[in-house]
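Chemist: As given, the protein sequences belong to chains A and B, one line each in that order. In case it helps, my numbering puts the first sequence at residues 28 to 307. In case it helps, my numbering puts the second sequence at residues 28 to 307.
None of the hints are false.
Put simply, identical chains are the same to the list, so a pair is met inside one copy or across any two.
Only pairs whose alpha carbons sit at most 30 Å apart, straight line, appear in this in silico DSS-like list of lysine-lysine:
#, residue 1, residue 2
1, Lys262, Lys291
2, Lys299, Lys246
3, Lys262, Lys167
4, Lys174, Lys95
Since the hints were made in silico from the structure, they are not lab data. In this text, all values refer to a predicted model and were calculated from it rather than measured experimentally.
There are 2 protein chains.
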Amino acid sequence: VRVDNLYLKVINLNFLILYLMDTDMLTVVMIGTGNVATHLTGALLNAGVQVLMIYSRTASHARVAGQKWAVPATSEWTDLPGNANVYVYAVSDNALPELLARELAPQAIHIHTAGSVGLDVFGDYKPKHGVLYPLQTFSKSKSLNFKDVPLFVEASSPEIHQVLKSLALLLSEKVYRVNSEQRCQLHLAAVFACNFVNHFYAIADELIRESNLPFDVLKPLIAETASKIDVLTPKEAQTGPAVRGDTSVMDKHIRLLENYPELKDMYEIMSKSIAEPGLS
Amino acid sequence: VRVDNLYLKVINLNFLILYLMDTDMLTVVMIGTGNVATHLTGALLNAGVQVLMIYSRTASHARVAGQKWAVPATSEWTDLPGNANVYVYAVSDNALPELLARELAPQAIHIHTAGSVGLDVFGDYKPKHGVLYPLQTFSKSKSLNFKDVPLFVEASSPEIHQVLKSLALLLSEKVYRVNSEQRCQLHLAAVFACNFVNHFYAIADELIRESNLPFDVLKPLIAETASKIDVLTPKEAQTGPAVRGDTSVMDKHIRLLENYPELKDMYEIMSKSIAEPGLS
Numbered sequence: 028v029r030v031d032n033l034y035l036k037v038i039n040l041n042f043l044i045l046y047l048m049d050t051d052m053l054t055v056v057m058i059g060t061g062n063v064a065t066h067l068t069g070a071l072l073n074a075g076v077q078v079l080m081i082y083s084r085t086a087s088h089a090r091v092a093g094q095k096w097a098v099p100a101t102s103e104w105t106d107l108p109g110n111a112n113v114y115v116y117a118v119s120d121n122a123l124p125e126l127l128a129r130e131l132a133p134q135a136i137h138i139h140t141a142g143s144v145g146l147d148v149f150g151d152y153k154p155k156h157g158v159l160y161p162l163q164t165f166s167k168s169k170s171l172n173f174k175d176v177p178l179f180v181e182a183s184s185p186e187i188h189q190v191l192k193s194l195a196l197l198l199s200e201k202v203y204r205v206n207s208e209q210r211c212q213l214h215l216a217a218v219f220a221c222n223f224v225n226h227f228y229a230i231a232d233e234l235i236r237e238s239n240l241p242f243d244v245l246k247p248l249i250a251e252t253a254s255k256i257d258v259l260t261p262k263e264a265q266t267g268p269a270v271r272g273d274t275s276v277m278d279k280h281i282r283l284l285e286n287y288p289e290l291k292d293m294y295e296i297m298s299k300s301i302a303e304p305g306l307s
Numbered sequence: 028v029r030v031d032n033l034y035l036k037v038i039n040l041n042f043l044i045l046y047l048m049d050t051d052m053l054t055v056v057m058i059g060t061g062n063v064a065t066h067l068t069g070a071l072l073n074a075g076v077q078v079l080m081i082y083s084r085t086a087s088h089a090r091v092a093g094q095k096w097a098v099p100a101t102s103e104w105t106d107l108p109g110n111a112n113v114y115v116y117a118v119s120d121n122a123l124p125e126l127l128a129r130e131l132a133p134q135a136i137h138i139h140t141a142g143s144v145g146l147d148v149f150g151d152y153k154p155k156h157g158v159l160y161p162l163q164t165f166s167k168s169k170s171l172n173f174k175d176v177p178l179f180v181e182a183s184s185p186e187i188h189q190v191l192k193s194l195a196l197l198l199s200e201k202v203y204r205v206n207s208e209q210r211c212q213l214h215l216a217a218v219f220a221c222n223f224v225n226h227f228y229a230i231a232d233e234l235i236r237e238s239n240l241p242f243d244v245l246k247p248l249i250a251e252t253a254s255k256i257d258v259l260t261p262k263e264a265q266t267g268p269a270v271r272g273d274t275s276v277m278d279k280h281i282r283l284l285e286n287y288p289e290l291k292d293m294y295e296i297m298s299k300s301i302a303e304p305g306l307s
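Construct all of the structure, not just a fragment, from the sequences and the given hints.
Modeler: Below is the structure:
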């Protein structure tokens, strides 16, 4: 498997090199120093891609990122080199339009990494463009294996798609082609499966500390809940009072939440939805 | 480690034997054949405990469980032997009071496995009683390592507590003593951390299938979300539009949920709660 992957890497890198023509090495400029930018920069460097420069509008962020990766970094837009093959914008959705409107390498490939921003954000300033959306939750202080991160690619043309697909395959073993609509729906599903899930971990953390027990006692349950869906559908995996219709337990729990109206609302809406599954 | 565990097992089994006096082997009757009963029966047999009989009010359930474990099984209450040391009631909360009111071995130890039912459910019929609450999500068709399941013990007296603690240590490496109030709070936290979490997996499953993509693409995200809390607190681990205050993404997502008022409500209540954390 290792040899195969290496072979695949070489093939893809050659493909990129052949396509790009005017360079003998794939070069990237990374715009952004947040969670996604940090993990993506690490994955690019790990795959042998040359990161020419990192940009952040905040000088201290640029400095920290540059030191972390031993890559030149700047907070001055005009410092950015114009000769990179690919410019990656891993920034907040709100910051994207303004950054894309700035003058920078109009003939290069420009890509963003956002789940819910369409291709139209590139306007006419950057004719060669696309998206590389990593479906994962990234925190700077938590490392992970980028090879397992599903990457969703969209591009302004079949040619650019080939380039981005090849680039994506250097980084991950799971590369998919989607359109903007699918990507937005993916992002929405991810918010439920990750951000909202994690918020329930945070609520459980607060609830359990009220009973003077450590959050650690919940960890085997959390791990098993995530692990069950490898062998069962989430619907099959469901347990607990709501799916059993155990009203006496639910009534007790709701009484415990009497002083937390927000949690009481959540408990009621979630229990009702579990009891009557289906999107409606 | 293996030798130590074996030693601990022998010590505990000896303790039980010494305490129980009137038998040279710990014997259990299992009342129930649901998810908890199934996993607990397996763990008891695996620990060398003799399960004398399994009871279900449904004859076919009793038959299936009896065949699975090669243990006598019945749906006739009067068949149950009166000479077991411990009677385990792993049944729904609603069924407990009626079953505990039935005539059966008044001098034996009777325990239930429910999260949100106090000791008072035993009334005066069974003076030696307690609770062994496993904090885990059990499905019959998903195996797991019972040694990792946190077990929460409560008992009618210090003597019975010692017996139940010893029994629990035969089954799991994680045994805690709690009172009924703490156990109910634990159960409530578990509903958030497991049942509600799993329901978000189910919703994400439905959302992602609407975009013609398989649920599998979400699995690395789900695994990483659960894995992150081993190194970060849930609050530190949070990512996504709500914690970033990215209103443009949230507005897009809410528009996608226009036809699903229940999911729209969930999206709004969860996002608001993520943005303003803390129980209130």
